[in-house]
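Chains as they are written, first to last, in the numbering used here: chain A, 1365 to 1964; chain B, 1485 to 1864.
By construction, these hints were calculated from the structure, which means they are not laboratory data.
Keep in mind that a hint or two might mislead.
[What the hints assert, rightly or not] Calculated cross-link-like contacts (lysine-lysine; reagent style DSS-like; alpha-carbon spacing at most 30 angstroms):
#, chain 1, residue 1, chain 2, residue 2
1, B, Lys1623, B, Lys1779
2, A, Lys1497, B, Lys1779
3, A, Lys1832, A, Lys1873
4, B, Lys1627, A, Lys1497
5, A, Lys1953, A, Lys1832
6, A, Lys1881, A, Lys1953
[As the list claims (entries may be wrong)] Which bits of chain A does chain B cover? Going by a derived footprint, with three or more residues having C-beta under 8 angstroms, they are:
#, region
7, 1383-1397
8, 1574-1582
9, 1586-1599
10, 1622-1629
11, 1704-1711
12, 1714-1726
Ideal Cβ placement from N, Cα and C applies to all residues, glycine included.
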Amino acid sequence: MTSQALYNRWRGQTFDDILGQEHITATLRNQIRVGRIGHAYLFTGVRGTGKTSTARILAKAVNCVGDTDAPPCNECHICRTITTGRSLDLIEIDAASNRGIDEIRELRERVSFVPQETRYKVYVIDEVHMLTKEAFNALLKTLEEPPEHVIFVLCTTEAYRLPDTILSRCQRYDFRRATVQTVAVKLQRICAAEGIEITPEALDYVARRGAGSFRDAESLLDQVAAYADSVIDLEFVQRALGVVPAEAITRLISTMLHGDAAEGLTIINSAMDQGADPRQFLSEILEQLRAILLLGVGSQEQLVALGPETIVSLRSLLREEGFSGPLLLKAIRTFQTAGQELRNAVHPQLPLELALVETVLAQSKSDPMPMQPASLDSGQRRTTPGESAAPTAGQPAPLAKSTAPKGRQASPGADRADAPTAKPSPEAALEQPNRVPAPVESEPGEETADETETSASPPMTLEWVRAKWGQVVNRTAAHHPSLQGLLTDAYPVRVRDDVIRVACATSFKCDTLADAKRSAQVEGIMQQVLGAPCRIECVVGSPEERQSATTDADPRDEHLFSRAERQEGREQALRNHPAVRALEQRGAKVTRVELDDSDE
Amino acid sequence: MHQRKPTHYSSRFMARVKPQCGCPDEHTLLLCASGSHGRIVHNAQKSRVATRRMAGTMWETIGHEWAVAYLQKTIETNRIAHTTLFTGPAKIGKTHLALRFAAALHCHSDGQRPCGRCRSCLETLAGAHADLLMIEPDKGRVKIDQVRRIQHELALRPYNSPWRVCVVSGFETTTTEAANALLKTLEEPPAHAILLLTALDPGLLLPTIVSRCRMLSMRPVATHTIAEALIERYQIDPKRATEIAQLSAGRVGWAIRACEDPSMLEQRDTDVQTLLELVDKGPAARLRVAEELAKRDDVHPAVFEWQLVWRDIMLLAAGCDDRLVVNQRQLPRLRRLAETTGLEPARAAAASAQDVVRQISQNVNARLALETMLLSWQNR
């Protein structure tokens, strides 16, 4: 009647059984050999990498009385009682169910009793991240100086949730994600012992699906083995797990490149009709997209965990016309998001369909632009000398190429176009076309170049200062955090020669910013960003004006409004000012509005 | 926490169910035996009605043959997993299958299990077996107290069966504390314990939970399978069966409910009609519809249907085959819409419905979310 899961039946019993964690098992062995056993260990790492098993082996090893140089012997009565879970001196606590301070108090009381029959009492506190804050703190003193006969082993998948005070009291061991080969070795052992017949490809596939976790892979093997009649081959595994054939997925990706939404949607629907698992389907799509990305930047094929035929057809996709880096990235991002939507989807194929259509639309949008062939491959060529203007642009350049034409239009001088095309950022697309110095976006590597350029263009305009203002605020926040609050709702309203008038939201902020030391700090930053020395002048400004300052930054729009209209707008803003309103409510009346023309 | 047999609910429930279908006696009987309360009874009871009508077949599933074969096989070969996680979209038959599996485990028959006739089977299917614990979300979530109860009950020896079985439905609603509290039990359960969890998607669970379970991912059932089953079991018109099957989008439970409860389909038709009319109308009409809709207990069905309509429009705009379209009855209208709307707006509209579902699950005001969605749809 036993139906113990494979991962339980094949739980490691000696240090040698813990595969892929040699850095930990070797250390522990040495500690035991020389007798320098710590009093508190913390085992952390992703699920199914052997934390709990190692904790139990450690408990056996420190207490083993067998005649062996490499404990645990697994033969002495102590090892056996621990293996069967009958030992009174291995106390395994499920911290997720017993997470309160009361449980820890109880533990503290019992810690002082000497062990029943072994040398050490070992407390294994599993899922320790779920203890409450109070419970953690109650444990601190005990963990720091436990009685000599006690060893604590804390196990968790989420070490970042433990307080630092706990972490600093433990010897920490990080369990690594197992490689596919290591998992396959373990599965091989299990299959041999259990009499499960499985082909190497199928075994490899199961190991890969385990994603570095022994338990995941073993659960999967368990499932497949329970279903199988005869020899388990790759096809059987894929059918049992609802995997779509790789060839269909390659076809799906090629429809994206050709902008053929109808064909792509048909592929998705027929795959779902044949019983594909949507989540699995999605992860296979992402796997192939990732493979294209890796092949495109010239990585080794070993990084791509796909069959040779698939790799060949993906390579031919890479060479096809219509393929571009931005499209690939867009596809990856879109399908990644679809994975999150899949969680709540009632119609499981819908997120996939939406993602496909979104990608196809992105493809058709970028179509009219001149598409350089095989842009990913050309990445290396672009870094060759000759194009001295793009020294740092080697990697991002090819992937961002489709936005390049926009950047070209935006910059006034066509001869300078080569430099800015290398670094189009999202903001670049939003910028106004005829602003004075065009290539001034916040790319750290390029800033020095910008500065020299901008200092050469003598008159500072309000629009330009406003465009740069975000950068000023960000830099100030980085260098002088205390000034951040003052600047976030301040904004430049006028530029005359090197004097920049900055409007603050309240008079308090205005006064504070006007303080000589603070304004000197801001001026220093502004000089760095604007590339020319300047002074600031503080005034109090209204929120309405601020809005117009940020939204109507486009200089062309300025000309659309006549001067009179603008004045009227400002007058209206003044009349609607909350302070004026408040006075009006108390019976005051606005008789005349005077506008300072110099502010224009 | 669930109390066993809260009989005071039953009369209320009978009243609510009676007008919808014509067999009140059977309902009453099943209800008393089920031993849960409130909404839970409502849901479970409906699927149980279906069960009764289909009595005779062993597992009473439509589609999912491979899943049944798999579970059957684990019983035959004695490779039963301590924890099985049934995943799949709502109304696809997860709890149904889990319950049948529990019955098979408890069944006393020497032949095929579950036999559906022995006392153990009947009790299990009614949710009243002594070795069966049914846990469902309490006020929308599975809580740590319920998990402690599971731990306690599973630690007890079985009374009348080799196994103690616990069926937890809606496991994706489990609080973080509760899920963590179950980890150790899942990893090393008592020898006689079987845990059957159902959840919408493994992505909603802790990875540490998923890695401890044997996964049974239930996929949408092919349309023709559902249609055939409906014709056979309910003797309905083949054309109508096909339509219902198509509308169900692979959700067996939905199709069954649609057959038993015609008002559901009517409601659905009205919703689709509302949408089709709304496309031509301005913001005022849309806001009114949002207001009306937000008053309903559950806005999800309507939003899902709308999403399906937009999907159809999207497929047509992309130039797909007509057969992929779900709302076959409105095909000409949809085709016209597809021409005028275009691919991108249709995609955006379908995606906006997805957003609403997510927002509502995150406690956004339903009316506000609906208004945003309706206004975002392009006016043609």
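Exercise for the section: State whether the coverage of the region 1586-1599 of chain A by chain B holds or is violated, taking the criterion as 3 or more residues with Cβ-Cβ distances under 8 angstroms. Expected result: Check passed, 5 qualifying residues.
For Lys1881(A) and Lys1953(A), compute the direct alpha-carbon distance and say whether it is at most 30 angstroms.
violated (41 angstroms)
Worksheet item: Do three or more residues of the region 1574-1582 of chain A come closer than 8 angstroms to chain B, measuring C-beta to C-beta?
Response: holds (count 3)
task: Would you mind confirming whether the straight-line C-alpha gap from Lys1497(A) to Lys1779(B) stays at or under 30 angstroms?
output: Violated, at roughly 42 angstroms.
Is the Cα-Cα distance between Lys1623(B) and Lys1779(B) 30 angstroms or less?
holds (20 angstroms)
| message | Taking 8 angstroms as the Cβ threshold, is the statement that the region 1383-1397 of chain A is covered by chain B upheld or broken by the three-residue rule? | response | violated (count 0)
- prompt: Holds or violated: Lys1627(B) with Lys1497(A), Cα cutoff 30 angstroms?
  reply: Cα-Cα ~20 angstroms, so holds.
Between the region 1714-1726 of chain A and chain B, are there enough contacts, at least three residues with CB-CB distance under 8 angstroms, for the coverage claim to hold? Contact hint for the region 1714-1726 of chain A vs chain B: holds, 8 residues under 8 angstroms.
Practice item. Please count how many residues of the region 1622-1629 of chain A have a CB within 8 angstroms of a CB from chain B and say whether that reaches 3. Key: n = 3 at 8 angstroms, threshold three: holds.
Review point. Are the Cα positions of Lys1832(A) and Lys1873(A) separated by 30 angstroms at most?
Key: holds (21 angstroms)
query = Do three or more residues from the region 1704-1711 of chain A put their C-beta atoms closer than 8 angstroms to C-beta atoms of chain B?
reply = holds (count 8)
What's the verdict on Lys1953(A) and Lys1832(A), does the C-alpha distance respect the 30 angstroms limit or exceed it? Status violated; Cα separation ~40 angstroms.
Comparing the model with each earlier hint shows violations of hints 2, 5, 6 and 7; every other hint is respected.
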